[in-house]
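Protein chains: 2
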Amino acid sequence: MASLTTKTGQTIDRQAMESMLRRRMFYTPAFEIYGGVAGLFDYGPPGCGLQANIIETWRKHFVLEEDMLEVDCSVLTPHEVFKTSGHVDKFADWMCKDPKNGEILRADHFVESILEARLKGDKEARGLKVEEKEEDPKKKKKKVKSEAVKLDDAVVKEYEEVLAQLDNYDGDQLGQLIKKFELKNPATGVEPSPPVPFNLMFQTAIGPSGQLAGYLRPETAQGQFLNFAKLLEFNMQNMPFASASIGKSYRNEISPRAGLLRVREFLMAEIEHFVDPEGGKKHPRFDEVANIELTLLDKHTQLSGQTTVRKMTIGDAVSGKVVDNETLGYFLARIHLFLEKIGADMSKVRFRQHMANEMAHYACDCWDAELLTSYGWIECVGCADRSAYDLTVHKEKTGAPLVVRQKLETPIVRHEWTIEINKKQFGPAFKKDGKAVEAAVEAATQEQREAFAKELQEKGSLTIDVPAVAAGKATIAKDLIKIEYSTITEHVREYTPNVIEPSFGIGRILYSVLEHNFWTRGTEGGDEARGVLSFPPALAPTKVLIVPLSSNKEFTPIARKLGQKLRALGISSRVDDSSATIGKRYSRNDELGTPFGITIDFQTVKDGSVTLRERDTTKQVRADEARILEAIREMVGGAKTWSDVSTELPIFEAQEVEMRS
Amino acid sequence: MASLTTKTGQTIDRQAMESMLRRRMFYTPAFEIYGGVAGLFDYGPPGCGLQANIIETWRKHFVLEEDMLEVDCSVLTPHEVFKTSGHVDKFADWMCKDPKNGEILRADHFVESILEARLKGDKEARGLKVEEKEEDPKKKKKKVKSEAVKLDDAVVKEYEEVLAQLDNYDGDQLGQLIKKFELKNPATGVEPSPPVPFNLMFQTAIGPSGQLAGYLRPETAQGQFLNFAKLLEFNMQNMPFASASIGKSYRNEISPRAGLLRVREFLMAEIEHFVDPEGGKKHPRFDEVANIELTLLDKHTQLSGQTTVRKMTIGDAVSGKVVDNETLGYFLARIHLFLEKIGADMSKVRFRQHMANEMAHYACDCWDAELLTSYGWIECVGCADRSAYDLTVHKEKTGAPLVVRQKLETPIVRHEWTIEINKKQFGPAFKKDGKAVEAAVEAATQEQREAFAKELQEKGSLTIDVPAVAAGKATIAKDLIKIEYSTITEHVREYTPNVIEPSFGIGRILYSVLEHNFWTRGTEGGDEARGVLSFPPALAPTKVLIVPLSSNKEFTPIARKLGQKLRALGISSRVDDSSATIGKRYSRNDELGTPFGITIDFQTVKDGSVTLRERDTTKQVRADEARILEAIREMVGGAKTWSDVSTELPIFEAQEVEMRS
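Taken in order, these protein sequences are the chains called A and B. Here the first sequence is numbered in the UniProt record's numbering, starting from 1 and rising by one per residue. Here the second sequence is numbered in the UniProt record's numbering, starting from 1 and rising by one per residue.
Simulated from the structure, these hints should not be mistaken for lab results. A portion of the hints provided could be inaccurate.
Any copy will do: because identical chains look the same in the list, a pair fits if it lies in one copy or spans two.
Claimed, not checked - Using 25 Å as the maximum straight-line C-alpha spacing, the simulated SDA-like pairs for lysine to any residue come out as follows:
| # | residue 1 | residue 2 |
| --- | --- | --- |
| 1 | K90 | E253 |
| 2 | K565 | A538 |
| 3 | K584 | W642 |
| 4 | K60 | A538 |
| 5 | K407 | W377 |
Note that the structure is predicted; figures quoted are calculated from it, not measured.
My request is simple: use the sequences and hints to build the entire structure.
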């Protein structure tokens, strides 16, 4: 593929960008002064502000807009819950150990890296041009150096087939591949040990006895499922409804990498939308989104070895069965709108359907919103149909009524043979065998019951096999039992809802949005390139930089009051009264993504006018303070754009020279 | 003390309140369908909304108002960090085990409960009236049944002295008390094992090897300290400044109790204010708060066995040295204002100073904001002076420059004897002894150096004792060394800042605010008492309940549009179109603390007017929709109160009868 470019058409220099992000403290390796721990990061002030704004936008877009029931559940979770949900047994990756140096390898990535290196060596030996594959952060294979060794054509074919279905192999099969192809760790030249499962949950012990095993949750979902009955009650028994949760989850990755994209502690925002499985999973607001056009990559296309996307409206996708149902489709469209709102470059967004073998153990269908970054396509939002899996397993384990009891407008009427036992006389008649005899009667099928009724009527008693009692059978007198063909009217239908789960990795979204909004300027004149982060105003960590022209004491109270007025409008600002040039102060804030700057100068002292500078264009307007504040309020709120404001207010040019210094 | 009353003067019925809070899903035991885990709770929708509003208020009041640098740091923390901070060694409680039934007891609470029971039995035997002590949730002792046994006067005195200084004893001393007084577990009649320390941090292993031990942080503070150098850089080297963090922390309590007040997983909001230790820890904005009156209980009062509070302005408290310095005083006043803002009953708030022996290992002074609840006085905010403890230990361990380098406006000039060694010739002259000789010279005091200079000048060489070399001494030729009386000018002062740490337990604050705002009404007429939560509008989880008079279809689009208009104003609302009476629907929302209700009726369809009902008075006004929306916006924003609005808009009486049905 062509190299990735910024919104402004520049090739993305990831190293320059990441260096800027760390310098400006968007994020930083946690515990860095202690050498750091892989996969753990801290967010500094701008990263923290950006994260808070993404979360606030998410909460408004999903929770408030759709009256979702937000909950905040415990991260610490006892063993039994994840045993039931399947995470204890299935939430694992396969790992091998190098017996010589003790290195721990993720089995699938190890096989992949060695086979790819051999194929590359083969191409080199055949004199073919080797294309560098784009890096994939979801695989943490190390680059293995290839040697130019020609392989048999049949071997090449076999390797390629293995690589194509790598996600399909279990641990045994990966172990067999390692043996068969004699795959050795390049670092030591020895073959690693057979793959064993490594569970990705962090374990701990709860309480002073050390006997209650617990985990840090790897997803927020289970807390929502366990509270289903209470949430349904809170929602006054109305279906469908959604719960939502924002909180940290933890996965003990075997070897984290790619910065914020694969970490061990991360913020998630998850929605569990509970829907009646009958009636095609319709959504009442689907018509509001039906015309939104999405970029789709379905599983059939991928299985045929293609990655060609299709653009279509979600209405067409659902009616054409590309997307299974309206509820799933509704959320894909809402996710699309959310990503647009927070400033993702929509030309770098696609929805990819999971293939059968790559789905999580609880899912029956899944679409990922993937964002294109310099690390490749990154799964940022998963939208899975978990069917009734979780509610069913927890209900079966605990007996809790994780079901919906729906009052039927038209009762269901059916006819069947019913058995009524005369409990008062049954006990005394059969004594200790009573329970076993009763159970044997109740276990009878409809056909058997019909025969029983006949026998009772004809013989005045009923003799049945009861393997559990000594005699092996029992005879029940007519007055002990009543078997009738009854009419049963059901006024209530009981069902386990299905769950559609949009699940957002906030850290991955945050990183991708950073990359989608990064560009540089200023290289033309031979200057060092200066970074700019073109966040939408609502998303920017700080909205306004207040810059007094100089350290003149007259400016100080003006700057302070301006900050207070902005605060009263709910708009965050910072004062930079350092001695750096105005240009340098603005440059610093372009790197922080601050969209607006207000300069206070001697004219301000005289007439109360200030200049307003916009980050992306570096253009300025000048007006009295009240008008400038109003313009900022409108732009942050989304009512106006800079293009509106810069035509309404007089352009100001005077300080451009100094700004470019 | 007199029994605790609500704002409206009713005795607080905690059981009724907690039952209502669970029924309305403010919070619920986590994993309840699996039997629950002590000390773990989930917040349902209203609890989650309340928590979000407390956090938003906190962020505005502290972070935005004071330009604090917010960070979001890793919860998972490697062993070494907490080893250095002292938490591995000191963050523990003493626990005993009952050898018969395996019960685990917290040693101090065990000693306390048995001695108190004996003292109570003694009073009973003497025929004295026994006052029930108010329950203290910070102690999780079980109630021990007392028997009426008279004790010797000397024994009574000894028990009382032990109880008074219980926080002073370490594990050995507690063990000796158990032996000496023959304290036996009432459940089994046997003496528990000697106390051993139980560390309160949850432990886990990071990474696949299992070899990197880690903990879940018990406070958010360390992440802020470790990032100090980067934060100072981000703040462009300006001092003082504060960082802030909102996030979960974890403490493996031996036996959690008292609902939300002592839990194992909790949300904290912490500020670390970094200040120059010199100059009396002044605060630039202290004059803004100096006249605020606080309720103080200082350590001297407590040490004299009293709990009498004093009301004084923080200005007087600081100038009178009751509170040590302006920065500490400034934050106590800001905490007071915050608690007021979120609806705490200020007659139930006091600031209590820690006594020397009760302070955390890192603190040199500490004041707690305590809120009075039915569980007693609850520590909700700690405000500690951690001095330079944390930055110093991390700096010493890692060598990281966790210091401030302050440019001095007036350089410091001093005169001293300096030694300059001719490195080129020193090595060859002394060969392997070079280092030892050099070290011996450098170790000389100012007086010795002066003598050396004299000797060098007089003899042309210097002979000194060097115990580390074979000869025991060495002679240094004149050209190898220069000793002079020099003038040294320092332009930079390097210092380790002190830290003032206001630390907020959000769950405890949330529970206390619930209790401070709870009352009941409706008992007069023989009805069941109905709960009301009188939150300030800004804090209420939902601001407006929209109630269509009936299920008439004409009301549906009006209710929906009203919800959209409120959302556009940033005001949360819910529609209740259930078939319950209007009175019941409002009652339900009084229990949720929803301050305003809008009724849509047939008049609305005709002329667009709606009624607005206020939760606490149940009074209503009627006006056109736009005016009602504006009134709500002003009341939620704090610009107006209900008393303003109910005088401005026409009172509406018609539905009061139905409401009280």
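Status of each hint after checking the structure:
| no. | hint | verdict |
| --- | --- | --- |
| 1 | K90 <-> E253 | within (15 Å within a copy, 31 Å between copies) |
| 2 | K565 <-> A538 | both (18 Å within a copy, 20 Å between copies) |
| 3 | K584 <-> W642 | within (22 Å within a copy, 50 Å between copies) |
| 4 | K60 <-> A538 | both (12 Å within a copy, 17 Å between copies) |
| 5 | K407 <-> W377 | neither (46 Å within a copy, 49 Å between copies) |
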